Each structure stands twice: as structure tokens, then as C-alpha cells.
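Peer 1: Chain order of the listed sequences is A and B.
With my numbering, letter number 97 in the first sequence gets 97, and the count goes up by one each step, no holes.
With my numbering, letter number 109 in the second sequence gets 109, and the count goes up by one each step, no holes.
Warning: the hint list may mix true and false statements.
Said to hold, decoys possible - Straight line, CA to CA, 25 Å or less: simulated SDA-like cross-link-like pairs of lysine to any residue: (1) B:K110 x A:S263; (2) A:K110 x A:I120; (3) A:K91 x B:F267.
As the list claims (entries may be wrong) - Quick look at which bits of chain A chain B covers, simulated, 3 or more residues with Cβ under 8 Å: (4) 181-187; (5) 215-223; (6) 307-315.
Claimed, not checked - Label pairs and their computed distance ranges (CB to CB): (7) A:R290 x B:R111: 18 to 26 Å; (8) B:C312 x A:E140: 44 to 52 Å; (9) A:G94 x B:E168: 34 to 42 Å; (10) B:Y108 x A:D251: 35 to 43 Å.
It is worth saying that the hints were derived from the structure and are not from the lab.
Please read these numbers as outputs of a predicted model, since none were measured by experiment.
Where is the CB? At the ideal position from N, CA and C, for every residue including glycine.
These are the residues of each chain, in order.
Number of protein chains: 2
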Amino acid sequence: MSDILGIEDIRAAALRIAPHVRRTPVLRCAALEEQTGASVFCKCENFQEMGAFKLRGASNAIFSLSQQAVAQGVATHSSGNHGTAVALAAKRRGVPACVVMPENASAYKKRAVAGYGASIIYCEATLRAREAALAEYVRETGAAVVHPYNDRAVMAGQGTAAMELHEEIPDLEVILVPLGGGGLLSGTAVATRALRPGCSIIGVEPLGADDAWRSLRSGRIETLPHPVTIADGLRATLGPLTFAVIRDEADGIVRVSEEAIISAMRFVWEHMKIIIEPSSAVVVAALRERLVEVKGRRVGAILSGGNVDLDCLPWQHAEEKTCG
Amino acid sequence: MSDILGIEDIRAAALRIAPHVRRTPVLRCAALEEQTGASVFCKCENFQEMGAFKLRGASNAIFSLSQQAVAQGVATHSSGNHGTAVALAAKRRGVPACVVMPENASAYKKRAVAGYGASIIYCEATLRAREAALAEYVRETGAAVVHPYNDRAVMAGQGTAAMELHEEIPDLEVILVPLGGGGLLSGTAVATRALRPGCSIIGVEPLGADDAWRSLRSGRIETLPHPVTIADGLRATLGPLTFAVIRDEADGIVRVSEEAIISAMRFVWEHMKIIIEPSSAVVVAALRERLVEVKGRRVGAILSGGNVDLDCLPWQHAEEKTCG
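Next comes chain A alone, as it looks inside the complex:
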């Protein structure tokens, strides 16, 4: 067991956030099970409020803070779902939120953050500019920072999704999790080790953003200067906390191509009739590409979110269109 995060942290998180998050459904897909020969149980965090599991970690972090700690509000930097999750959780707690976003964040994501009443500070689209803008804001206001993943409360909150999955579906033999900054994977790993000790824990990363795969090989946190993947939620680099938990608890990391991600996303839309974003599709891609041996086994797959700009679908310009 990790001394960074324990199952008791995840149990406490589950109690704390219960009034603020949905218990999302578990769905199966006949076409996927036919292709893989496995029983595949998809934990549909795309149905989570605000459209992604990120609400779990943000809610646990924000509701863990003392009244004094949140008196000046909360702040984070994010171009994606974590910013929206912080905005919503802060609204629920009744404190102001500020999200530092890169100028080039999608209009869709900007609307979502603003829609929950957070203020937005725009900055250049570099990690350095984002961190500088956040630091300046915190210095001026005294707001509490909620890191997107390298934070025990956030990791514990993310682990509640896998806890629910194990409660509902006993005896999973493998669990597949999208891997970006590692918050979801580390929470899942700790929950799974405690609840289903024999279950394999596999992170799935885009080939174009395989910093975690490299980090586990080298034994230290590796960064990629320019991660390139359509899975915008998975471009982040591991933090010291998530790296340590994943190194100690996960069983492996597999990597999927951009083509496999896009194909898997479309496969899920067509066959399951649910909307998932590219970051969710990586786990389905890993199954369809047979990167994990699952034939005849019981497999859990966390579909992490469903926030997609419907005007910009990845297959939109991929082929000649003949509508009608």
C-alpha cells in the first residue's frame, strides 16, 4: 500500500462528495465484447455532471479545505475539464473561483467555465505562462490552489470512480484507465489494490504523449517538450505524487496511436450511442488493438469524459463526404 494515498482516503472522499457527484452508470457494448472476446464494463464518467470524472477530485479538494483556506476563493490553471470542475465545485461551496486559461483554449471550454460563474484569466499558451499567471493571482488574492492531479485530495476523489465500479461489478480481472497527469490512474490503482487485489491495473496513454510510459522505464519523471495528441486531456506530465503511486501500484502502461484513438471514439459513438471525448477513447483503442490480453476475462474500462466540441469532430475532414 502506498504511503501517499490509502483506501481510507478514497472512502472518505466518497462520503464527502456523495452529495455533489453522480453515481454514473456502467454500460456494456455488444460489438466491443464481440471484437475482444471479453466482458467489458464501461464506467461512464461522460455522464458525470459537467461531463467528466474531474468533478470528483475537484469536489473532494474544495470541500476538504477549511473555511479559512477557501475564504479568498480557489484558483487553478486548466485548458480543459479540471477548470470546469473547479468552477462548479466552488459554486457549490459558495466561494469564488478563478481559472487561468490559455488564450487558445476552445470557445467550448471557455463557455463551460464561465457558465458556472468562475472568472477567467487568459494567458499565453505555455505551461510557464499559465503557472506565472496563477502564481500572480494567488499572491494578490490569497486564493487556494487546486492542482489538477498532483494533490492527495484530488487523487482520492478520482479514485471514487473505480471504487463504485468495483462495488457494482465484482471480480474484475483487468481495469483500464486513461493516463494524463495520473490523478485518475493513481486513485484507481489504490482503490483497486485494496478492493480487488488480483486485478491488473493498466494505464493507457497516447503514443504522442507517452511521458508516463517513458517515466516508468527511466525511473524518473520525463517530460515531452511538445506532446501531440488529439486526446487533449492526456497531454499533462506526471507529478511527483502521481508518479510515485503509479510506479508502485500500476501493472503496466500501454500506448495507442492517434488513428486508433479516433477509430475507437467513432466506434463507441456508433455502437454504444454515447458521446465520449478522445481522452476516454484510449481505453477502447487499447482493447480493440489487443494491447492487453483480455480474451475470456472481465474487464473494467473507465470512460473518463464526454466533452467534445461538436463543430470540430476528428473525422470531419478525414474523408470525402456524401450526405443524403
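The hints should help you fit chain B onto chain A, whose structure is shown.
Peer 2: Just chain B now, kept in the frame of chain A:
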């Protein structure tokens, strides 16, 4: 109670098709409930196998036929979900199926029908050409015809969706149903009258294909020479059986614009993270346009299907796109 169709027919259909159809989930949408002030229970037939409620009616019809009647196979004409449903139900029964399709049917629908092993006869894209091609095939082969809606067994099968909804969600006060040829609405009306006598039964039709609305006003079946709507499942005209049941049992028909249909479809994709086709979206459009008084009430809405060509989305060319 209608002497055409009774609740006992729907109960028998439910037993007959139970091994062949999914009991689809009922979902709610916080954003829709906020907009309408109602509790809205969406019966998600988009999650039905082959992607639409049509499998219910086709299965009931095909499994109702005697072994002798299906000895030469089954046949129908369809450009859409009914053809796919007949193909799948016939495959399950182990008899050949033939679907007459217009040449201009979408590649997506052609693949679906062929994918379940049915043979396809292509014809010109007129009702007359379709009926002539089907009649010729039946004359030559002796196949049994499965009409898409004007058939008691089909109507009874379609009524099982509403029966499941009433079983799961008690005390609905209004139920909204997409209205094309009237199979789903007539089955729903008979089930609802028997199970929840006080519940209002409302059909929803596109303004550009409002033949049923006109038929109820004039008291006889009206046809539109050129129905124009993106809701391709709702272009059909009532048949004598569906007309009679709807006239006697339904409480009203409301009509929605193309803009409202497209907007409602996108709203459901974005907020519920589920894929519905335009024909399903009409019921959500009616709620959002306040064409039915639902504030404070418990509302059932049948989302009839989710078969969409992902290369041809209705908002694809509607606005300037700035992806990134």
C-alpha cells in the same frame, strides 16, 4: 379502448420479444428539466439493439408468424430503421429477409441492412417504385410482408417501450412520442390508456411533414406530396390502422420546426452525452419550445433512435468553424 389494438396484445408482444430486445434505460437531463420546470423521463430506445425501437415491432411481427408463413422469408420496403430491424429479427428467426431500398438511401443504412445478412433490392426513390418492387418480389418468392407500421403486430411491439416506461416510472402525467407512420404513437397510446388512464398522450411531428396533424383535423388520412424534414424517420404517412387508433386514443399532436429539431438534437448530445437521431429530437424540441404545458409535471419522452451518419451532422455546415 380501441378494437384494433388492446393492452393484451402489447402484453403478449412483450413476452414474445423479451429474448430479442433490450429493456432500455430511462435517463433524465438536468439541463432540460431546468429549462422546462418538469421532471422528464427519457426512454432511451437509441440504446436498443440496432439503434431504434423498430426492433420491437419487427420482432413481434416476425416471431408471430407461423413457420409456414415465414417459410419463404420476409420482406419489406424501407429506407431506414425498419429495414434494419426486419433484417435483424429475420436473422434471429433464421429466415431470409429482403429489403427494398431506394437507390438514394444513405450508405450508412445500406451497410446496416446488409450487415445483418438481408438481401437488398434497389429501386427509384418514390413510394410507388418501392411498393411495386416489393410486390414483384413477394409475387415471385412468396415472402411474408412486414409493414413498417400499419400492422397490428408491429403496433403492439412498438407499444412495449411505453409499457416498460410506465412500469419503471409511475404516475406520468404526459407522454410525448415522435410521430411518423404512427406505429409508435398508436402502441404508446393503447399502453398508456390502459396503464395510466389520466396521462396525456401527445404525438410530435415535424412542421414539414405534418400529415398526421392535418389528418386529425380533416378526419381522413391526408398525405403530403413532398414531406421535407431532416427527421427522416417521420416522413411516412399514417395508415388506416394507425390513423384510427391515434384518432381515438391520442390527446393531441404538436408540430416543431426544423431549427427546433436540430437545436434539440444538439442540446441532447451536449447535455445528456447520448446520440439521438433527428426523429428522436422532436419530442425534446416540443418541450423546449413549450408547445406542451409541462411545468411541475412528470413527463415521459420516448427517444426513438440513435442512428446518425456521423459524417453528415445537421450543424456541420451551419456555422463558421474554428477548431482548436
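Peer 1: So, for every hint listed, does it hold in this structure?
Peer 2: Hints versus structure:
Only pairs whose Cα atoms come within 25 Å are accepted, and K110 (chain B) paired with S263 (chain A) is accepted, the gap being roughly 21 Å. Under the criterion of a C-alpha separation no larger than 25 Å, the hint pairing K110 (chain A) with I120 (chain A) is consistent with the structure, at around 8 Å. The suggested pairing of K91 (chain A) with F267 (chain B) holds, with an alpha-carbon distance near 23 Å, which does not exceed 25 Å. With a threshold of 8 Å between beta carbons, the proposed coverage of the region 181-187 of chain A by chain B is violated, since 0 of its residues qualify and at least three are required.
Only when three residues or more bring their CB closer than 8 Å to a CB of chain B does the claim for the region 215-223 of chain A stand; here the count is 0, and the claim is violated. Check result for the region 307-315 of chain A against chain B: holds, 6 residues qualifying (beta carbon to beta carbon below 8 Å, three or more required). In this structure the supplied range 18 to 26 Å holds for R290 (chain A) paired with R111 (chain B), their Cβ-Cβ distance being about 24 Å. At roughly 50 Å, the beta carbons of C312 (chain B) and E140 (chain A) sit within the given window of 44 to 52 Å.
Between G94 (chain A) and E168 (chain B) the CB atoms are about 36 Å apart, so this pair conforms to the stated range of 34 to 42 Å. Checking the proposed 35 to 43 Å range against Y108 (chain B) and D251 (chain A) shows it holds: the Cβ atoms sit about 39 Å from each other.
In this structure, the hints that do not hold are numbers 4, 5, in rising order.
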